[in-house]
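**Q** Okay, here's what each chain looks like letter by letter:
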Amino acid sequence: MFYQKEIETMQRKEIEALQFERLKKALDAASRTPYYKRLFTDSKIDITKITTIEHLKDIPFTTKNDLRLSYPDGMVAVSKSDIVRLHASSGTTGKSTVIFYTQKDIDNWATLVARSMYSTGARKEDTFQNMMGYGLFTGGLGLHYGAEKLGCMVIPSSTGNSLKQLQLMQDFNTSIIHITPSYALHLVEVIKENGINPHDLNVKKAYFGAEPYSEATREKLEEQWGLDAYNCYGLSEMNGPGVAMECSCKNGMHIAEDYYIAEIINPETGDALPDGEEGELVFTHINREAMPIFRYRTRDLTRIIPELCECGKTHRRIERIKGRTDDMMIVGGVNVFPSQIESVLMNVPEVGNNYRIVLEREEGLDRMHIQVELYSKLFQGDMNALKKLNREIGEKLRALITINPRIEFMEPGSLPPSEGKAKRVIDNRKI
Amino acid sequence: MPHQVSVFAENRPGKISRITELLSENGINIRAITISDSGDYGIIKLLLDKPQQGNECLKNAGFASTLKDIVAIKIDDSPGGLHKAAALLAGENINVEDAYGFTIREKNQAVFVFQVADVPHTEKLLKNAGFEIISDSELYFI
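Quick mapping for you: the protein sequence lines, in order, are chains A and Y.
When the letters of the first sequence are read in order and numbered with this note's numbering, they come out as residues 1344 to 1774.
When the letters of the second sequence are read in order and numbered with this note's numbering, they come out as residues 172 to 313.
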């Protein structure tokens, strides 16, 4: 079941040779970007002296903060006229992290996704209903282009509107869905409530991604829907979904090693860890023209599975993500940092210093509630003024984090004080 | 001009009792009370016999509380009594943001208390039309 047999079944030595060849090209391109040019100079790195893949470890890590500092285009290696698209995800404060793509990058990404889908058994005869968010978020468009490349009929239904989703599934015989696990849990209930047995639908496969969930939930979803579910991993800094994806064995996600060099490091020391040990996942993108990124710290914790997969693919696998090394939240698939929310609230004089983020799941969809204390000295005693303030804070936050939080005003002194380690995030979601 | 005390309160059980307890302890009498509610939170509006003192008490206890200017007029406690005032305000294009009323049984009169953007202007209009504006000290001791 190979889409690009030669690449997918390469021996380790061949993979490493290909990686090295692409790494050299990426380094050359990067040395023309303002960010990496300065980094190489400052760190006294002579890229011509990088002669083996092992030398990659001499290059410093790239962090989300580095991307923010080089906003908007400090890491871009091509001329603007060659860029055909951008995507963005949350930065830790203020500016988003923006990723650029040339036409070739978009094509390569689509090929990568098509290949991964193929190894789950997806074929051109399939109807693919894409229930992920379209827009700046990479989840929707990433798999959309891959599925089209594979030749599937794509239904770009995006998130929400469950009855419409159901109707589309019925009317067009949807055979594959792409969906967040939390929404899949909700949608299956809606289907049953409408008197339909989910097993009678034609949906045979689901790609789950964009948020963490457990193996037990996968089994439950597979049973309820009557389908096979495959885990899908990605991050916008490395294109988006498709960086690693499960094959038909459903036993760990194959990293696309012709696109990425994966490392596992000790998040405290930055030292490399051997295959099999759990640590932070670090990626180098070696197959992107517009924006090469080296040793990007994903903050995701997992391990590389040392054994070869039964499917015959030689690309190594990672286990499902175990957690994060930072306080990033994933809300409806969108990455949000508490610091982003704080940066907005601290600039609103009418609210005090204390705030709390409460995450709930309502009808399968994530909801963010932000509780803020009113600052008593600026209270005007006027409901209209409060409603206006509520709207203003909501709009500022939406502009920054792209999701629509519900702002709840609290009485002064009712939230835990900001000193010490106040618990700022209350996650009531269960999956 | 008279004042009312506006207090922010989260919408949960006990929101009124925490305020009334404080006012009671401080010997402050409540003449009227109304709540504007937005679902999650509300503003409790209090007509007190000692508004300044009441406001300070609440603030010192940590409440977000403030004094708001209001207009109070006497109206007849009979059909059409309120309509006369309301029609005048409507004719002058004055928007009543928040209002409540109460009757004074012995005098067969009623008091209409409301919030508008421009208090002095509204008071003047009503006065010219023959309404009796209730003053600060008068209102709290009706």
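Fair warning: there could be bad hints in the mix.
[Claimed, not checked] With a straight-line cut-off of 20 Å between C-alpha atoms, the simulated SDA-like cross-links for lysine to any residue are:
1. Y/Lys-230 <-> A/Leu-1721
2. A/Lys-1387 <-> Y/Asp-269
3. Y/Lys-298 <-> A/Lys-1731
4. A/Lys-1730 <-> Y/Lys-278
5. A/Lys-1730 <-> Y/Ala-300
6. A/Lys-1730 <-> Y/Asp-269
7. Y/Lys-230 <-> A/Pro-1760
8. A/Lys-1730 <-> Y/Ala-288
9. Y/Lys-230 <-> A/Glu-1735
10. Y/Lys-230 <-> A/Leu-1758
11. Y/Lys-278 <-> A/Gly-1756
12. A/Lys-1731 <-> Y/Lys-230
13. Y/Lys-230 <-> A/Gly-1756
Everything labelled a hint here was simulated from the structure, so no lab data went into it.
**Q** Each hint: holds or not?
**A** Going down the list of hints, with the structure as the test:
1. Between Y/Lys-230 and A/Leu-1721, the direct Cα distance comes to roughly 12 Å. Compliance with the 20 Å bound is thereby established for this hinted pair.
2. At most 20 Å may separate the alpha-carbon atoms for a hinted pair to count; A/Lys-1387 and Y/Asp-269 exceed this at roughly 70 Å.
3. Simply put, Y/Lys-298 and A/Lys-1731 have alpha-carbon atoms about 33 Å apart, too far for the 20 Å limit, and the pair is violated.
4. Pair hint A/Lys-1730 plus Y/Lys-278 does not hold up; C-alpha atoms about 39 Å apart against a cutoff of 20 Å.
5. Distance hint between A/Lys-1730 and Y/Ala-300 is unfulfilled; the C-alpha atoms sit about 34 Å from each other, more than 20 Å.
6. For the given pair, A/Lys-1730 sits about 15 Å from Y/Asp-269 by alpha-carbon distance, which is consistent with the 20 Å threshold.
7. Restraint check for Y/Lys-230 and A/Pro-1760: the C-alpha separation of about 19 Å stays at or below 20 Å, so the hint holds.
8. For a cut-off of 20 Å, the pair hint linking A/Lys-1730 to Y/Ala-288 stands: about 17 Å separates their Cα positions.
9. Pair hint Y/Lys-230 plus A/Glu-1735 does not hold up; C-alpha atoms about 26 Å apart against a cutoff of 20 Å.
10. Distance hint between Y/Lys-230 and A/Leu-1758 is fulfilled; the C-alpha atoms sit about 17 Å from each other, no more than 20 Å.
11. Distance check on the hinted pair: Y/Lys-278 and A/Gly-1756 sit about 45 Å apart at the alpha-carbon level, beyond 20 Å; violated.
12. A threshold of 20 Å between alpha carbons decides the hint, and for A/Lys-1731 with Y/Lys-230 the separation of about 23 Å lies outside it, so the pair is violated.
13. Pair hint Y/Lys-230 plus A/Gly-1756 holds up; C-alpha atoms about 12 Å apart against a cutoff of 20 Å.
When each numbered hint is compared with the structure, violations occur for hints 2, 3, 4, 5, 9, 11, 12.
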